[in-house]
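Colleague: So you can see what is in the structure, the chains are spelled out below.
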Amino acid sequence: MATIAFLLNGIPQRCEVSPDTSILTLLREHLAETGTKEGCASGDCGACTVAIGELAADIQGFASANACITPAHQLQGKHLVTVEGLAKEGHLHPAQEAMINCHGSQCGFCTPGIVMSLFTLHDELTQRPAPLTPERLEATLGGNLCRCTGYRPIREAALRMNDLPFKRPQWYDAALSEAECLPSLTAATDASSFFAQPQSLVELTQLRQAAPQARLVAGGTDLWLESTQRLAQLDQLIDISRVAELLTVEEATLERQAGWWIGAGVTYTKLEPLFNKHFPTFAHLLHRLGSQQIRNRGTMGGNIANASPIGDTPPVLLVLGAYVELTNTYGNRCIALEDFFLDYKKTALAANEVISRIFIPQAPKDSQLRIWKLSKRREDDISAVLGAFSYRVEQGVLHDVRIAFGGMAAIPKRAQAAEKALEGSNISVEAFRAAQQALEVDFQPMSDVRGSQQYRQQAAKNLLERLYLSLLTPDQEVMLHAYAH
Amino acid sequence: MRTLTKLDGDSSRARQELHDHIQGSGPLARHTVDSTGQRQAGSSSFHESAEKHVTGKAAYIDDLVLPADALHVALGLSPVAHGTLTQLDLSKVKEAPGVLDAITFHDVPGHTDIGPVFPGDPIFVDQEISYAGQCLFAVAATSLQAARRAVRLAAISIDEQPASLDPVAATEREEFVRPTHVQTRGDWQQALTQAEQIIEGELFIGGQEHFYLEGQACVVHPTEDEGVIVHTSNQHPSETQKLVAEVLDIPFHAVTVEVRRMGGGFGGKETQASPWACIAAIIARRTGKSISLRLPRSEDMRATGKRHPFYNRYRLAIDAEGVIQGGEITVIGDCGYSPDLSDAIVDRAMFHADNAYSLGDAQVVGHRAKTHTASNTAFRGFGGPQGMMIIEAAMDDIARQIGEDPLTVRKRNFYRDGREVTHYGQQVDQRQLLHTLVETLENDSDYWARRKAISDFNAASPVIKKGLALTPVKFGISFTAQHLNQAGALLHVYTDGSVMINHGGTEMGQGLHTKICQVVARELGLDLNKVRITATRTDKVPNTSPTAASSGADLNGMAARDAASKLRERLFDFAAEHFTEGLDREGMRLEDGMLVAGRGESERRVPWGELVQTAYLNRISLSEKGFYATPLIHYDRSVGQGRPFYYYAFGAAVTEVSVDTLSGEYLVDRVDILHDVGDSLNPAIDIGQVEGGFIQGMGWLTSEELKWNDKGVLLSDGPATYKIPTFGDLPAIFNVSLLEGHPNSMASLYRSKAVGEPPFMLGISVWSALRDALSSLTGYTVSPHLDTPATPERVMLAANTIRGKAL
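Line order of the protein sequences matches chains A and B. Count the first sequence with the numbering used here and you get residues 941 to 1425, in order. Count the second sequence with the numbering used here and you get residues 10 to 816, in order.
Every clue listed holds true.
Restraint-style ranges between C-beta atoms, simulated for each label pair:
#, chain 1, residue 1, chain 2, residue 2, range
1, B, P471, A, A1374, 15 to 23 Å
2, B, E205, A, Q1356, 56 to 64 Å
3, A, S1368, B, D465, 27 to 35 Å
4, A, Q1356, B, R812, 25 to 33 Å
5, B, T232, A, E1212, 55 to 63 Å
6, B, P106, A, V1189, 43 to 51 Å
7, B, P171, A, Q1302, 52 to 60 Å
8, B, G124, A, Y1284, 42 to 50 Å
9, B, T93, A, A1374, 50 to 58 Å
10, B, P171, A, L1065, 53 to 61 Å
11, A, K1107, B, R295, 53 to 61 Å
12, B, T151, A, T1193, 54 to 62 Å
13, A, K1107, B, S574, 47 to 55 Å
14, A, I951, B, R295, 38 to 46 Å
Simulated from the structure, these hints should not be mistaken for lab results. None of these values were measured; they are calculated from a predicted model. Cβ atoms here follow ideal geometry from the backbone N, Cα and C, with glycine treated the same way.
Isolated chain B (complex conformation) (with noise of 0.2 Å):
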């Protein structure tokens, strides 16, 4: 194995080599070429807007038309983390050039709070400061150049307070956003005192900013009926619509929310678009003008909620052989400021402190810390993949104390018949996809061989060290909040055979829209290019659930199923009445844009556009909506057992990293990926999101750093300072496939499964992998600690740590 380093001529064509394998007929490209035919369902049909990405057509928030007399917002946001706000005098804002308006909390018509969940979030200031980049006031200005100048000029006084920053410290002084929530199966103290081994361990892990390229935005426009229609980047516009309704003390129909697409959300736009979007329709019904709204990145980083930092420590009873028997795992969120969604995220991360392993006899305990930092909020995995981190930690740790392989240790632990219930009760379906996918992945990588490999070289390597690790994911699909699990859809046939389908999903990116639009050409046997999507709107499809929890395409993609399948009836009974011929109403079915009734010689056919038009000038709506609720799913908060989720997805990835042990830099080398998406509706799409989901779980746990001063503001606010990974961290050789052949076993769309989240913990196997190579500094005898995210300074200071001082 070389590893490169010069920068001579066999160097530079090795390198190059590496590089053609990559272009290569791997699994990659398979998923890449064109697909022809209908592009329904099961296809990999391209993305419904990529022609207008790539042409610069696709329209976002601060790309919409907006009348010549509309005005722009900026924000005044609190300089201080803690504090009570002693005045705010906006005299001098007020008459700044081009300004128009200015607003405080107490111009505020209706609610003041717009807690999504649970109250907590002060639209505006009223007294008390909680974070640094906590909203003051607004300024509406005739540019956003004007009013972001004019912010500048208010007289504000605070009172300023020590702020606390520490979540263990707020956990210890009982200082929480909410309850702390116990689940418990078993006699985990008896496991423990019984127990042969006991490991314990304790980790750091890291928050995330979201970074979507596209900041929070908004356009509002006042209507004729006391009214707002508002086009937002956002993830849950139901949930702006009812706030913006009760901070402008106006019935739920007079507000209209409207997302066509967002430039990324991975739930940063889920209960914190809606501020924006208050703020403004305030603002656009006291002036009467359009307003826009838009953060600009520093002041987004600032104002907006990030994936929660966590603290986790566990102590497991284990055997001879490295299996867990039982214990305890205590997690605890860093919420911010507020409760937002951190009750169902430290939920989550309780649901997944087991990850893909049987704990025994245990019980996982989430604490909720309050901070004085912004309001942490939902992102892509939900506190799922915090509470693996300490699974993963343990299951490393474990392996150095008994001196076996990682993988060995970690298939011990897989739950399995007999071990197959988790410590909140429901039982892993499908558990044995888990050693299928890893045997699997573990012969198609060779794991075994460059594990050898691995070791040899590192033996020879005295600076540089190589790391290889395997890491599962198991991840529960389902809102653990029961009720966001419904969904609807709204499906029009046009008289020319065209069909447009609305839903209550929103398009972030994802695919969704796309994945819609297949799953009703499918129903109506029809080509993709019959069938247009709309935006997303709430007097289309009303009372909608946020596109979150990986669940869009399940509950709408059932939804416009629905749908299309009751109009499929309808136009079938019609048919089978109206046609003179006589059309066989059994077996009657859609497909290639024809009605097809009867088999072989008595087959009958019409074109899909005749049969419309004819059921039009019979009468026959042409109109349906469409409905899904979730079965199954129940838990009860109050014993902490149930079936929180529908079913599990799964995934495993295996990557191999170089570490400088000198400078703490290092390079993912190879990364092979197997991820279960059950049946695939879109192997394309669903590809896209295990790659991009793991990359951006690598930056979570390596690059992105986020970094507050002693007195709670944050220094790391913009992409100079936070850093996502670019081109370059893309591994040089990246495998990515999606496991064939085992449809999901319980009923969800065509046996499909959801991949927006479950990749993004594929991520994991990159901090194992380093921990790996710092390991090898001590033979493999000792598992460094190493907090995330693992930058090159932690990794730097951890291998000091562990080898001793340098020379």
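Same shape as in the complex, but just chain A (with noise of 0.2 Å):
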């Protein structure tokens, strides 16, 4: 148990938690707010979607996060926004007053989510106005699932509530005082059930050392699931999403390629902005990585850590020869990505290590990157099979050719033999002929709920034809727009 001090709703609190408590049941059970919903618990389905501001100098507003699979303990010192503070003296939130408005609830069970995901839209817009484009309505929506209304009447809704009148209150941005403000919360690793909020990486790397067997934890997007679904005692936690040096993203050099370093802690949130302009293609994967509850809070450290076969980011940072930095107590080693999958959730990763950044080379200025994820539906639902192509065509032959695949494998692996089967070759029917037939032997894929073993090969060999006619035709659509990449 520790004491940890936050504002909910512009009201500061104290509360006492044991490490594995969500703040959805930190809401729910001990603080009896019942507007906020369990309808998954497993971050899928938006019921529980709350807004959590940052108590810094530079206010960034506020994020939306599911609150069935965020740690309690991570509101330390910040501002919690839940459905019930929205209406304050009788006056109903824009949101709130456009979605009934617009017959935008009907069991009403997953609206408080609904109107929390369009609050922290609202918000954004009142400080910062722009455009509501089609694309950033569906990153307001997409994590929240509504069973009765078909969504046109939330579409509506969202397109209108910003036309409603509105003075942004002052209480969005109130602070703690010093007296309220607890320190970061420490830990002694000996004790049976801690969370530890290290603030530095030495501090990090420490405590790594001291308890090999606690659970590591930035955004909670998959690890929480082991305590609400498979209700794993989750009760030695250390909480990496302080830690100074793997919060930074900057440009260097490694190995004489220019890129960019980015910390472990990073979420795909922050990264956007360096991936638009970088990585066009990579940031719109963002948006179907997850829903943006996700994304404000999952990084790209977790999803290497957690070395799914299905993870959408590394068969990207395959095809894109990403490195991954290892720290222990004693100094750091810098592996090739490639190598630090060993095999089906086994990676290279020491118990006293961590993963503390990740290198990301620029591309060579006429290289190319393709990005296709297929899964049963477009928004917020994990590969069935995702494959990343990069390449270089020089005079209509193709050369550093680096293709990998997600869900075709125990590991996120490259296609080594397609790859070979390419490199060098002509954009031809022949060589993309012999590259599928190559992926025969790259792979060998196994069935299971996301696809069968069947679609999986036949898929993937698709998706080489459609680069190949992306290659030849390339003022042909060969790919809807909604998936395009």
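Need the complex rebuilt from these two chains, each delivered in its own frame; the hints are there to steer you.
Modeller: See the structure below:
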């Protein structure tokens, strides 16, 4: 148990919570605030969406999060806004009013979560007015399932709420006074239960060394499912989300390649500006990797450490030739990402190490990157197959071909035989047919809930055909815009 | 027509234009305009709980405040689909921290079979295990987490046996939960032997998880009279009252069931909300404590039944024009392990195997296959959608065979004068409405111009193929179990003039309570804010029917209207007699919060509040109950003929899709819907039902895939693996209109029509459009086989099959 101090809807709170307490449990069971709902306890439905504000000088506004899989301890020193807080002194928030006016609720159970997602959008647009694009709307609402309305009236409400009169209340920017603040959570690692919040890499590696059995948590978007779905006892946790060195993005050179060091604790949302500029196709993938609630919390470091064969970023990082930096109390080592994944969920990370940073080399000027994700649903779904392709075309010949797939093997893996078939070849039917055949050497996928073996094998081949067609006839539409990267 | 596949500025601007178009002042916007005035029946009032929804104040079961000593229950579910339970030792469970009680089959004081209509659903497994997810035992502890952790300490031994999972194989072995039913009209065999052409096909139609956002949940309080009060998320409180009383072995009057609202139902809480209330009630009586039982999502998905998967086939005689002369249709419903509601569900599939088309001389056979899965149950449409799928498949197949547009073939086969009687003997009233509605939609949606544009596009586009389909819906309204077509209501007027209405229907988001308040407001001439609805309770209105079969407003609205009009007449009688100035009884009316008598110069007005207060002082009862039973309906099962439906609701949808034939990915680009609700009770709510029903139907046929492993364990047991439509699946262009100016030809509630289920089947147009796009790969000469759900996987594999291998 530890005491945390935070603001709830502008009002200071102190609560004593155990390490495995989620924000949702804190709200519903400790504070009897039942407006925030549990729909799935797995971060997939958005019924529990809350907004979290940083209490820092550079207010970033509020970020939506799934309360069901967000550790309560991470609220320490922050501002939690819930559906109960929006309507003050009898005035509904424009998001609420627009939802009523547009008949945006039917059974009403998903509604608090939808209102909170709309609230974060509304606040962002209030502070930084910008045209509301379809992409922005989809990003806001893609993580909120509604089973009743079919979403049309909710879209209507999102479009109309910004026309309603509104004055941004001062309590949004409330901050804890010094007296109300608590020091960050430190932990005795020999305790049977702790939630440690190291602030520096040195502290982190020392904790890791002292308590290798403790679990690392950043966004908690995957780890917390062990608690809510598999009832695992998460009682020794080291929170990396406040380790300064893990939160930076910097330009650098590694092995004579220019590129960027990305801290393992940087969230997908914070990566977006960099990717938008330098890897637009990768930025686009982020929008299909998970909902906004997940992207606000999840990190690339977590995606790599998790080592799932269907993680979305590893195949892309493999074709980009990324490296990971692994750090312990003795120092650090840097290895190529493809040497990191050993077997199903097995990695080169030692028990006393943490992933500290990821290096992504700058793509050569004329190289191309294509990323194609196949899933049952376009938004907020996990890949059945994800193909990443990088290459250069010089006078009709393919060079530096790197291909990697997710969902095709026990680990995210490069298609080396297929790469070989295409390297140095003309853009020809023969070369691509050979590459398709080579995929059978590279991969023997399995059948599971997301797709059959037959589908995966054929889909991977068809993505090569898509690549061929897009190179052969660049002006011909070979894929649907909403899926395009 | 642009597909806008690029990330460049032009494409981005084009996408924005498309988006702006959606915002315009189309028919959708019209229905979102804030209505003014009295907001009575016929106007677009907001949902009665809308403000509570958006502020988080609307309470669902898990939000109810519990006493400090309340217990939380977790369930032990079978990990295997079929076998014999040889050992169930809960001694470790009972010793776990926080645990106060744990019960099994042997702890049930009364009935152990809680089958809702037919027996076959044990409350807990005694010996035989029939599906993975079946309830073995329950544990009560001081917290849900403690109870869930304790469940895992049970020592369980099961003699596992092979699971039967294939409904077709089960049918061949005649393993049924209920006997096969047959409907025959005319000499169908002769129709086939004399046919110019015979066309046949088959289709597997997947099931569907309800995915109500609020899972199954109840809270049970023990009472001082050896009874219980049950708060439950439930579509059928009276049935839960009966079953709880029976398992406790106490009279029905000792059990009160209350439902304020559900966080979604869709049929999944018609019969399958009761088991949890029964279990919680047993523990409440044993421990004397309040009990909370809610199923975590994955357990909810494993333990409860779903929409029935079906395997259907048809063999039809057609003439040269593609008009059906007769034939046979067989539907096999995968019922799971027990009857539940499957008899009526497969019946409804049979009643809708014709959809909007005359089958001529036909036989329809319906089997109820038994398999080792959860007992499949009611789900919006109740078998109707699965039945319709086979005839819609046939329409497309006929069109490809005779080389006509599918819409042409559909229209030729519509019920019409001379072909107006269904295979079960009911005449299709208002059949002309089908023609009117489809012609209007065909024009408004530019069907033929777009058909031409799509053909041109497809000819020039090797990978991306567009598809277009118009599919109609004719859906029969009434419970096919005749006795369920009744309803009651209870109306109180208090001395301040405020009105309380209560009725037997339940609110699951469909706006039933809003409509009922509007009915009462209209009958009593009051503003809607004078009328409040209270939670559905078995001690207010007894012996009610489930809120199902789209009948909630039809039945309960009539009952509420009955109560209000009886009370109104009593007040008129009183007023005519009482008020000394003498009010004219003839032509007396209630409007604008006034009693009004006479007209013109002799018009007299008495404010509602004064009327009520005076009536009270004169000892006139201000309370009334109402009742309604649907007239005319009947069905003779022994011959499979009758008039099971009071009326039909109609609708049609045109859907355009783009399909990536390499990856199987697709987008629904545009949907136009015209739907018949008679004279709408609340256009905004009805539009909401049409849109929501369409999207849910689309989800059923596209991304929502249930998968079990070969041992019968459900793999898709959460939203990470089971994909209902999300925001981005909303069609970019979605034009939804209600057909106006065509009141119900039958005397219904203000000539309105039911709207809950019929629009669900408009989603079939998406599947048909996907097949249309695939068919273009063969120049529209081949009708592709496309089982459902048509996931990208199925679409890609179908494309591969139809056009041969890649490259």
